[in-house]
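Novice: Those sequence lines, one after another, are chains D and E. Going by the numbering used here, the residue at position 285 of the first sequence is 285; the numbering climbs one at a time, nothing skipped. Going by the numbering used here, the residue at position 204 of the second sequence is 204; the numbering climbs one at a time, nothing skipped.
There could be a bad hint or two in this list.
Since the list gives no way to pick out one identical chain from another, each pair is judged satisfied if it fits inside one copy or across any two copies.
[Stated by the list, open to error] The calculated BS3-like cross-link candidates involving lysine-lysine, where the alpha carbons are at most 25 Å apart (straight line), are: (1) K311 / K224; (2) K328 / K235; (3) K173 / K27; (4) K27 / K328; (5) K224 / K303; (6) K228 / K311; (7) K34 / K54; (8) K328 / K54.
Just so you know, the hints here were simulated from the structure itself, not pulled from any lab data. Values in this document were obtained by computation on a predicted structure and should not be read as measured data.
2 protein chains.
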Amino acid sequence: MLNFESFNPTKVLFGKEQYSKLTREIKQFTAKNKILIAYGGGSIIRSGLLDKVKSELNDFEIVEFGGIEANPEYDTLMKAVELCRKEQIDFILAVGGGSVIDGIKFVAGAVNYNGEPWDVLIRKDGCVFRSAVAFGTILTLPATGSESNSGAVISNSRLQEKRTMGGPLFFPKFSILDPTLLSTVPPRQVANGIADAYMHTLEQYLTVPTTNYLQEYEAEAVLKTLIKIAPGVIKDPSDYDLAANLYYCANHALNGNLKNGVPTDWSTHMIGHELTALYGIDHARTLAIICPRLYEHTFDRKKEKLERYAKEVWNITGGNAAREAIEKTESFFQSLGIETRLSAYTQDYEKAPQIVKDRFIERNWNYLGENQLITPEDAYEIVRSCF
Amino acid sequence: MLNFESFNPTKVLFGKEQYSKLTREIKQFTAKNKILIAYGGGSIIRSGLLDKVKSELNDFEIVEFGGIEANPEYDTLMKAVELCRKEQIDFILAVGGGSVIDGIKFVAGAVNYNGEPWDVLIRKDGCVFRSAVAFGTILTLPATGSESNSGAVISNSRLQEKRTMGGPLFFPKFSILDPTLLSTVPPRQVANGIADAYMHTLEQYLTVPTTNYLQEYEAEAVLKTLIKIAPGVIKDPSDYDLAANLYYCANHALNGNLKNGVPTDWSTHMIGHELTALYGIDHARTLAIICPRLYEHTFDRKKEKLERYAKEVWNITGGNAAREAIEKTESFFQSLGIETRLSAYTQDYEKAPQIVKDRFIERNWNYLGENQLITPEDAYEIVRSCF
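Chain D on its own, in the form it takes in the complex (with noise of 0.2 Å):
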């Protein structure tokens, strides 16, 4: 087992109806009677949830911004860290999924930085965020394990760019899980929690064999639950049980303690990034089409660990049981609606592989992987292998 240190002080209150605890919860990290609610496009206004909020929240004056859009764009958040700043915000509640989370994450690190925050996203020498405003999270859909965690990814769609940040400043004070507002997402969109939840668990687990034997038992878990409840959980979503498994699994997933002593690979997400930064891609589809392709391309590595996911997870075993265990996944992500090849979702597939490989040139990303030995030109191979 690996050296680690784990720290999560995120509140989690889950379940039915925990919003009349909103205002004894902001209570403790602000004075104020004014607070910040941060939201995406309109479906929690038109699923009546905005104004749910807001009735709970009567002791504060409430400054609204909304259209923080799927993979959250530098230059609208620029505009939420613009008002923190001229309202004097010193508490923001995001309501929405990852994308609204993950962009308040910046806003609350940009609010107080002087200089471009883009600076901090690519990690120019010196600059980081060194402080953050307060914030809590009511979760709308269930996939990117943000409201449990303290990292984020930002896109610029000027620049075709998607860059992380985090840090202990980043976790969410309290974030409110309530599953009853699986029914208000959309179908694409509880795909796209499935596969990504899915995927997270994959990039921490699918490595190679150790001796960590909780730690995998506990990511076979999240992955066993959420093969179990995808096929009744895309046909109804207002199934309360199925719908918290969700939400539990989406959390647990990427909550960091799957990654708790273990070796990571997360090269997967590393180059979906690169393809939503490219073409606008649903982030959880981008790991669908590599994942498969990526497992092929390391498939010698990685070959161990693949027979004992076959094994626990899909009860395959047998000399093929490592390839049986890829097409059971990619098969998975299928069965979810989600297509696995790139040519599904762009006619302008042939020129991803040379980008892919030249920002990974450019920025220095030249071994990738839980062994450090996926290359530019082996990111090269895998998006040719997807089209």
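Take the given structure of chain D and dock chain E to it, following the hints.
Specialist: Structure of chain E alone, referenced to chain D:
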């Protein structure tokens, strides 16, 4: 899934040689240059651990309090309370197992309490700890999970009482888990630690069938890991990877995660505590005595979950699986060298059923277990069947 709130702000520093981070961590919680180090018997002195820890703390004046016993005693702990008051301590480093850590939770609460702290433990009207001195821990014996939760059990042998306390104030600020320390733990305590972690998991799992699929798989993950590592870790506690799994299992068994959204039992603990209070039997051993008989006594209500436990954890199916799972559980405890009959520990066992029953009645503990169906009369029958 039941509604729940989940919160655990303890930072875990896991692995070899994490002591070098002690000063960094402690300085976040005190501006003073004086701290209390609290420990139990002499084993941390003999093993050299105390000297090693002190050598990392050159920035601080060290006040020591040793002699916190297994099942930490109210009278002993009150001496530590007095010492903290006299020395104006605002940070305590607990070095030891669950007893030392539990004891320091009580001390942390009692230092600034006006009145007799025992009143808090017996839940006398209006008596609560309203603040706590900050504390961190270095865990020697993995067992209770106390290093990552906010609960404690305090004994009062004058009254033959064992009482619980806890709450959000009582999370350690950090806990260092160093699996190399397992080889300094007496073999009897290693066995106890395995049994304790196993039983903590069962209390939160072996109840009724639920639709909490992820929680069930996660509980099974801990149980399967403990079964897998137990023979090796008993044989060679210096095997780092096996020891690391034990530390991680004991931590996960009671860091709060397994109870999220599920019904819990805890009746084996409630009865077991009385056997410790009466006879001084090791906590873990009281659980091994009570558990098999309690599951037999509540067999019809637990049968369905026992069948799942049989299948998923012990790979047993068939008409007799539930009974066999109880036998397997008892055999597992015995394989650790733990006797599972009360008469193996005391010849004075005949009085136990009546005393336990009377105490439960006296405290209005009229209904225990996940269904609230275990009455004081049931407790009498269960203890009677343990002879």
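Novice: Determine for every hint whether it applies to the structure shown.
Specialist: Cross-check of the supplied hints:
Within a single copy, K311 and K224 get their C-alpha atoms as close as 12 Å, and across copies as close as 16 Å, so both meet the 25 Å cut-off. Taking CA atoms no more than 25 Å apart as the test, K328 paired with K235 passes inside one copy only; the shortest distance there is 20 Å, against 40 Å between copies. Taking CA atoms no more than 25 Å apart as the test, K173 paired with K27 passes in both settings, with 11 Å inside one copy and 23 Å between copies. When the C-alpha separation of K27 and K328 is checked against a cutoff of 25 Å, the pair qualifies neither within a copy, at 48 Å, nor between copies, at 51 Å.
For the identical chains of this complex, K224 and K303 are neighbours both inside a copy (20 Å) and across copies (24 Å), given an alpha-carbon limit of 25 Å. In this assembly of identical chains, the alpha carbons of K228 and K311 lie at most 25 Å apart whether taken from the same copy (16 Å) or from different copies (17 Å). When the C-alpha separation of K34 and K54 is checked against a cutoff of 25 Å, the pair qualifies only within one copy, where the shortest distance is 12 Å, while the shortest distance between copies is 47 Å. In this assembly of identical chains, the alpha carbons of K328 and K54 never lie at most 25 Å apart, being 44 Å within a copy and 54 Å across copies at closest.
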